[in-house]
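Asks: Read off the chains here:
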Amino acid sequence: MKFMLVDKIEKLVPGQEITVSKNLSLAEEYLADHFPSFPVLPGVLILQVAIEAASWLVRLSNDFSHSMLVLKGARQVRYGNFVSPGQCLRVNVKAKEIGLESSLFQAQGTTEGIRTLQAHLQLSHFNLADKDPRAGQIDKRIINHLRQQYQLIAGDLD
Amino acid sequence: MRWIWIDRFTKFEPGKSAQAVKNVSMAEEHLHDHFPGYPVMPASLIIEGVAQTAGVLICQASNFNEKVVLAKISSVEFEGIALPGDTLLYSVEIEKINEQFAVAGGKVSIISAHDKGGNAAPKPLASMELMFSHLDQNMAGRKFPDGNFILTEAVSSLLREILPNGGQKPTSNSSG
Amino acid sequence: MGMSREEIFSRVKETLVEALGVDEDEVVGSATLTGDLGAESIDFLDIVFRLEKAFNIKIPRGELFPENILNNPSFVNEKKLTNEGLAELRTRMPHADLSEFEANPEVDRIAELFTVDAIVRYVEGKAT
Chain B
1 MKFMLVDKIE
11 KLVPGQEITV
21 SKNLSLAEEY
31 LADHFPSFPV
41 LPGVLILQVA
51 IEAASWLVRL
61 SNDFSHSMLV
71 LKGARQVRYG
81 NFVSPGQCLR
91 VNVKAKEIGL
101 ESSLFQAQGT
111 TEGIRTLQAH
121 LQLSHFNLAD
131 KDPRAGQIDK
141 RIINHLRQQY
151 QLIAGDLD
Chain W
159 MRWIWIDRFT
169 KFEPGKSAQA
179 VKNVSMAEEH
189 LHDHFPGYPV
199 MPASLIIEGV
209 AQTAGVLICQ
219 ASNFNEKVVL
229 AKISSVEFEG
239 IALPGDTLLY
249 SVEIEKINEQ
259 FAVAGGKVSI
269 ISAHDKGGNA
279 APKPLASMEL
289 MFSHLDQNMA
299 GRKFPDGNFI
309 LTEAVSSLLR
319 EILPNGGQKP
329 TSNSSG
Chain P
335 MGMSREEIFS
345 RVKETLVEAL
355 GVDEDEVVGS
365 ATLTGDLGAE
375 SIDFLDIVFR
385 LEKAFNIKIP
395 RGELFPENIL
405 NNPSFVNEKK
415 LTNEGLAELR
425 TRMPHADLSE
435 FEANPEVDRI
445 AELFTVDAIV
455 RYVEGKAT
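Residue numbers (the numbering used here), protein chains in the order written: chain B, 1 to 158; chain W, 159 to 334; chain P, 335 to 462.
One chain only, chain B, in its complex shape (with noise of 0.2 Å):
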């Protein structure tokens, strides 16, 4: 399984606010545990989501700028109803701030209308060259392989 939990980025304005959908199909293998009979996305991969869109959100307002960027933390992160396969979870992340090393976020996520996920965020950006001038490669190449990853989700955005 490919850990890539966005497939579509549907809306986005820099600085702002992104929307993103992600498809849930049978053929995600970790569905078979969870849960046997019951298939469903686990919550932490509902978050999980909403912490690549609100990366997405940061990496397209400053150009790339890190190579990394991680969840800080979360606050009242709520589940409404199950998302099952065959449908799609629809999550839009407003930035309420994004500063030079972290950036604060609200999500909401919906699934065929009906509420799925509200959450508060806190990313935190950096480099790996900051602790170590010599990984500055491995910062380039992986912003590299970013700005392609971009490239399949964004649809007609550019």
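The set of hints was computed from the structure by calculation and includes no laboratory data.
Please note: incorrect hints may appear among the correct ones.
[What the hints assert, rightly or not] Short, incomplete list of chain W residues facing chain B, as computed with Cβ under 7 Å:
| # | residue |
| --- | --- |
| 1 | Arg160 |
| 2 | His188 |
| 3 | Leu228 |
| 4 | Ile239 |
All residues carry an ideal CB built from backbone N, CA and C; glycine is no exception.
Position chains W and P against the provided structure of chain B, taking the given hints into account.
Replies: Chains W and P only, in chain B's frame:
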């Protein structure tokens, strides 16, 4: 990818607390997408490991009669990241449990690959508060399959390693 | 317990900000939990848990947020509460202000009873 985010229970006090271990390994495929060129254990899967540790503890408290699912992450905070070669230690405590829901506090500490030779103490990596719902109780009207589908074979076998009878409480046959 | 109403209100406000992630200034006495503050069903359980901790009280199931009224056929008729249902609600929710609700007791409006003030009155009641 199997949906099991703990490797082994190291402690299990029924109804109260549990500890588990998760190794982070280059052999885990998902790491190579997160991120390409520099594998990092995703924070969301660390949260899942703590949730599974707590979920099993809460489920066992009802003698596996309740289907326990994560309903809310009240708060979670991370101090850093985990890399291949690191070992994560998950420690959870039940703060409240009744027939409707349960609240658990979780702490994550990390033994980094660099420190393993030198016997360094685990360092704090994250802390969180999680709320779990009991499915049948709180989603009236939705039809669920019979049996406790939350308890996969992988989790059951982890429990059998640490608890007599896999944590099943003996059912009483006496009357009155 | 000896807490003043202001102290109780202040602590209830903190609890709701923690549980719901709303801004402090959104938590006014008349604010409804579901309508104004965006609470979901899991949040009601969270609020009970945090109130118990904050005030060192025990809140038995259904005492703060009554259950089993809407699914009792003698209490509901054509999406409105019957007189019996209203009487039951009065008994079970002495901490709620039913005056406006009674004029038009539609089942869909029950959520409007769960206000910040209702929680404050409930906690005050537990203290005496």
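Asks: Work down the list of hints and note, for each, if the structure agrees.
Replies: Hint-by-hint comparison with the structure:
1. Taking 7 Å as the C-beta contact cut-off toward chain B, the hint placing W:Arg160 at the interface holds, the least distance being around 6 Å.
2. Here the hint on W:His188 is kept, as its CB sits about 4 Å from the closest CB of chain B, short of 7 Å.
3. Annotation: interface hint on W:Leu228 holds; nearest CB of chain B at approximately 5 Å, less than 7 Å.
4. The interface hint given for W:Ile239 holds, since its Cβ lies 6 Å from the closest Cβ of chain B, which is under the 7 Å cut-off.
When the structure is compared with the earlier hints, no violation turns up for any of them.
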